[in-house]
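Going letter by letter, the sequence shown gives residues 1 to 386 in the working numbering.
The set of hints was computed from the structure by calculation and includes no laboratory data.
Every residue, glycine too, gets a C-beta built ideally from N, C-alpha and C.
Wrong hints could be hidden among the right ones.
[As the list claims (entries may be wrong)] Pairs of lysine-lysine, PhoX-like flavour, derived with a Cα cap of 20 Å:
no.	residue 1	residue 2
1	Lys308	Lys386
2	Lys356	Lys308
3	Lys55	Lys146
4	Lys308	Lys347
[To be verified] The following label-pair restraints were derived from C-beta to C-beta distances:
no.	residue 1	residue 2	range
5	Leu195	Asp381	51 to 57 Å
6	Val383	Ile221	49 to 55 Å
7	Pro235	Lys347	38 to 44 Å
8	Arg311	Glu84	34 to 40 Å
9	Glu84	Glu168	36 to 42 Å
10	Val383	Arg265	31 to 37 Å
11	Gly262	Glu300	23 to 29 Å
12	Ile221	Val349	49 to 55 Å
13	Asp172	Thr226	27 to 33 Å
14	Thr222	Arg255	20 to 26 Å
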Amino acid sequence: MEARHTMMRDAQMLEPGESRLTRPAFWSRLGERWTSDDEETLVCCQVREETHDVKSFFFMSREGRTFVFEPGQFVTLELEIDGETINRCYTISSAPTRPHTISITVKRVPGGKVSNWLHDNLRAGDTVRVLGPAGAFTCARRPSGKYLFLSAGSGITPLMSMSRTHHELGEDRDIVFLHSARTPDDIIFARELDLIASNHRNFRTAFVCERIGQRSNWSGITGFLTLPLLSLIAPDFMEREIFTCGPAPYMEAVRKMLADAGFDRSQYHEESFSFEETVAPELDAVAASPAVSDEAPAGERFAVSFAKSRREIECAADQHVLDAARQAGVRLPSSCTQGMCGTCKVKLVSGQVEMKHNGGIRQREIDQGMVLLCCSKPLTDLVIDK
């Protein structure tokens with residue numbers, strides 16, 4: 001108690017003009033939720049090295065606003081690199097239970113323009129334009145008593161957000177977290193996963209490494225994930241809600257494995273995690289849109305209204321709506337711009353478009369009036385729920 005009084009006296013004796021620690025902004029803004037409409041720029045407050053080629057970047061609101069999202073969702077970074085504006089979506093790796101910061105965890109991809117720029121340039125104190133959060137890949141919308149998380153490489157990030165959330169909420173859910181990596185030294189969040197497992201008896205981890213690398217004392221599994229191995233690690237996997245994230249070949253192998261086992265597809269959910277590592281598949285463009293008719297004349301222009309932001313732009317009949325919006329200064333989430341990722345998915349309130357996508361939208365979503373702006377051209381005036 002005496003120490004407290006002494007500190008109070010010392011504070012009162014500060015001379016005019018002397019620096020004094022101020023109350024952090026977030027203490028006075030606890031009730032305010034961050035949105036990119038109100039505050040488009042976030043401050044990088046920490047950079048943490050996770051492995052030799054993976055870093056986590058932490059961001060906070062300059063105004064002290066808090067972040068509300070579902071574990072597994074992503075944000076879109078809008079970066080200026082070599083004079084070019086590039087949008088790239090990254091899964092939030094932190095948990096919504098720590099609302100004053102969000103983090104993304106990025107693997108350096110050989111030749112990857114954005115990942116290499118982030119690793120080499122982004123430092124604490126720098127600012128970044130951010131859109132989101134968005135995405136439907138989340139356990140919050142699929143409550144279950146038993147989960148199986150399957151990940152590979154940096155596809156671990158959304159599943160780590162889900163695991164951190166259950167851990168910090170004190171929910172001892174029955175979760176098996178099975179992660180595949182090149183070597184033991186490439187396992188991201190290894191120590192934290194061990195900590196979560198030690199705190200919750202129903203949370204179990206298993207790591208499968210292609211090779212042991214430089215680690216001479218590795219006692220874990222070496223090789224690749226197979227159906228017999230999955231059955232050994234999680235004998236009851238057929239009863240679990242499964243969330244999968246990783247490189248495209250990994251997810252394809254998991255889908256085939258589960259199909260061979262007769263797994264119920266309604267209990268399976270997946271997310272592609274890096275468009276820097278994804279090459280657009282050579283698919284025939286699939287024309288799909290609500291009430292699409294013949295193509296509009298090439299020289300015609302249409303009005304595009306954004307209902308929520310109350311912005312209106314013009315879009316030529318032969319122009320994608322996303323391109324027209326960018327030219328007019330309307331900021332919209334986007335990433336692959338090839339109709340693959342679903343980042344620019346919105347509800348079309350009225351009007352018709354010609355949409356040619358590469359799998360980034362489901363037929364049931366199209367039936368509900370959803371479109372991808374990156375691959376949609378107007379056939380009439382449009383009203384968009386954005």
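**Asked** Hint by hint, which ones does the structure fall short of?
**Response** Hints 2, 3, 8, 11 contradicted; others consistent.
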